[in-house]
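Chains A and B, in that order, are what the protein sequence lines are. Just so we're aligned: the first sequence equals residues 1 to 268 in my numbering. Just so we're aligned: the second sequence equals residues 1 to 266 in my numbering.
Take the hints with a grain of salt, since some may be wrong.
[Stated by the list, open to error] Heads up, incomplete: computed chain B residues facing chain A, CB under 8 Å, no partners named:
#1 L35
#2 G36
#3 S158
#4 Y163
#5 E165
#6 S167
#7 A172
#8 R174
#9 Q176
#10 T179
#11 A184
#12 G203
#13 R262
Hints were generated in silico from the structure; no laboratory data involved. For every residue, glycine included, the Cβ atom is placed at its ideal position computed from N, Cα and C.
Residue strings, one per chain:
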Amino acid sequence: MTTLANIVEFRGVTKRFGDLTVIRDVTFTVPDLPGIGEFVTILGPSGCGKSTVLRLIAGLPPHHPTTEGVVHVANAPVAGPGADRGMVFQDYTSFDNRTVEDNVAFGLECRGVGARERRDQARAWIEKVGLDVTRDAHKYPSQLSGGMRQRVAIARTLILRPRIILMDEPFGALDPATRLHMQELLNKLWREAEATVFFVTHSIEEAVYLGDRVYVFSASPGTILREIAVPKSDRPPKEMLREKTFIDLVDDIRDTVDTLQSSTRAGD
Amino acid sequence: MALFALRVSPPRTVRYLLGAGAVALLVLVWWIVTLGAVETRLVSPVILPSPLEVFASFASLLNERALIESIAATLRRVLLGFGLAILVGVPVGIAAGAWRVFEAAAAPVALFGRNLPVAALIPLTILWFGIDETQKVMFIFIACVPFVYSDTVRAIASVPDRYVETSQTLGASRWQILTKVLVALALPDIYNSLRHLFGMAFGYIMLAELINASYGLGYLLMTSQRRGLSEHIILILMIIGLLAFAIDRALYFFQRGLFPYRPADE
């Protein structure tokens with residue numbers, strides 16, 4: 001019996017599609033830190049099954065259910081997707097037929113929240129993610145830049161106050177400058193959201209800047225090679241990225257990742 | 001030179017000018033080959049009357065041959081038949097696009113329906129529905145419904161999975177996913193398909209009016225041919241073209257108003 005409640009627990013999780021093993025024997029626990037939450041970044045090369053981990057937490061088929069092992073969220077097995085685990089993807093992030101305001105209010109609409117209440121909350125969140133209510137609330141996604149669309153997606157997820165936020169390379173398609181802005185915004189917002197965040201990326205800088213802990217994944221079949229605790233970032237990435245300690249930590253992780261991955265390759 | 005850049009559409013005014021120029025060229029050729037006295041023409045008036053003869057015959061088409069009633073009868077048949085095809089094809093298509101078991105079950109029948117030579121439906125519809133208006137409407141309906149159905153299925157099925165997954169993690173129920181995500185996102189595509197299919201339905205009217213019609217543009221064409229009124233035939237063909245164009249423009253206009261977030265193709 002564990003005395004501490006876990007928000008997410010993977011125990012010996014393997015997922016296979018036919019002969020293809022996507023992840024193998026993944027085990028980790030993220031404790032529930034009420035009122036704080038934790039920022040977990042999952043770092044690994046493309047196609048290493050990082051997304052599979054997120055989709056198993058979200059309960060999205062075909063990755064859900066597992067082939068072997070169990071996935072627990074808040075100490076109960078995952079049965080399927082739900083609003084307690086919001087997900088932000090890299091592409092097709094906003095509903096094209098809805099304005100910014102209606103996109104942000106989507107989840108509330110599904111819950112049956114009244115129109116007035118929906119509008120007020122949506123507008124508050126539009127402001128929080130750095131968009132302008134009078135200028136942007138009635139725009140359609142086709143009129144927005146990629147970064148603005150990701151802001152809409154983040155607002156739409158956070159407005160529901162999920163316990164877990166799953167982010168699958170959300171800034172992967174953005175230009176470098178926008179990406180840094182989005183990292184700063186997310187760093188600010190998630191603390192307020194008091195949620196546990198799982199953030200998949202293949203950028204070491206991004207993983208270190210955003211994360212409280214970093215899971216380093218190996219390539220196929222994906223499994224956790226190492227868990228690294230990193231210090232909290234309290235300043236914009238533009239400043240942090242220039243700092244000696246930050247650069248050293250990134251280099252350090254890069255070396256670790258290289259050695260670990262070359263040794264797993266050799267072991268194949 | 002820039003006009004011939006690969007895949008680049010010329011500016012709007014240039015487009016219109018080019019289109020109008022091509023029509024003008026056609027009329028010019030028509031005018032030249034039908035120039036002069038009847039005996040000296042390059043093309044005999046029985047085959048192709050001159051532009052002037054065609055336009056001059058408009059009064060007799062309008063007054064003596066009940067053009068307006070025929071246009072009304074044709075539009076009524078197409079609208080009823082195609083409207084029925086929408087009423088049946090779209091809901092069934094939505095269901096089949098969302099629940100693929102229905103699609104799997106319907107696939108052979110839909111394929112069969114799409115590949116059936118439409119003219120072959122005439123004897124069958126006469127057996128089933130007689131030779132009156134019902135037969136004509138049902139003919140259009142049966143000819144169109146497989147296409148309406150298939151396009152609707154395709155529109156629903158091609159909504160990216162991401163949207164469904166996103167809405168699931170935002171707490172949407174199955175019914176909400178169907179209405180707020182799948183149908184809402186597929187609607188512009190469905191509308192666009194219907195707009196194109198309406199053109200096809202209009203094209204079938206000739207076949208529908210082959211048997212026992214007393215009005216209708218197809219009927220007018222048939223009787224013009226029997227009576228050797230080649231100028232009426234050409235005039236009616238032009239009217240059909242103009243009608244189809246006007247209807248398409250109207251539908252396009254509504255499309256832009258209904259789906260402002262999605263640029264419609266012309």
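Checked hints:
A hinted interface residue such as B/L35 counts as satisfied when its beta carbon comes closer than 8 Å to some beta carbon of chain A; here the least separation is about 53 Å, so the hint is violated. With its C-beta approaching chain A no nearer than about 57 Å, B/G36 sits outside the 8 Å limit, and its interface hint is violated. At its closest, the beta carbon of B/S158 sits 12 Å from a beta carbon of chain A; the interface hint therefore is violated under the 8 Å criterion. With its C-beta approaching chain A no nearer than about 6 Å, B/Y163 sits inside the 8 Å limit, and its interface hint holds.
Below 8 Å, beta-carbon pairs count as interface contacts, and B/E165 has one with chain A at about 5 Å; its hint therefore holds. Satisfaction of the interface hint for B/S167 is found here, the shortest Cβ-Cβ separation to chain A being roughly 7 Å, below the 8 Å cut-off. A least Cβ separation of about 5 Å between B/A172 and chain A falls short of the 8 Å threshold, and the interface hint therefore holds. With its C-beta approaching chain A no nearer than about 11 Å, B/R174 sits outside the 8 Å limit, and its interface hint is violated.
With a least beta-carbon distance of about 5 Å to chain A, the hint placing B/Q176 at the interface is held under the 8 Å criterion. Here the hint on B/T179 is broken, as its CB sits about 11 Å from the closest CB of chain A, past 8 Å. The beta carbon of B/A184 is positioned within 8 Å of a beta carbon in chain A (closest approach about 5 Å), and the interface hint is therefore held. For the restraint placing B/G203 at the interface with chain A, the shortest Cβ-Cβ distance is roughly 31 Å, beyond the 8 Å limit, so the hint is violated.
A least Cβ separation of about 7 Å between B/R262 and chain A falls short of the 8 Å threshold, and the interface hint therefore holds.
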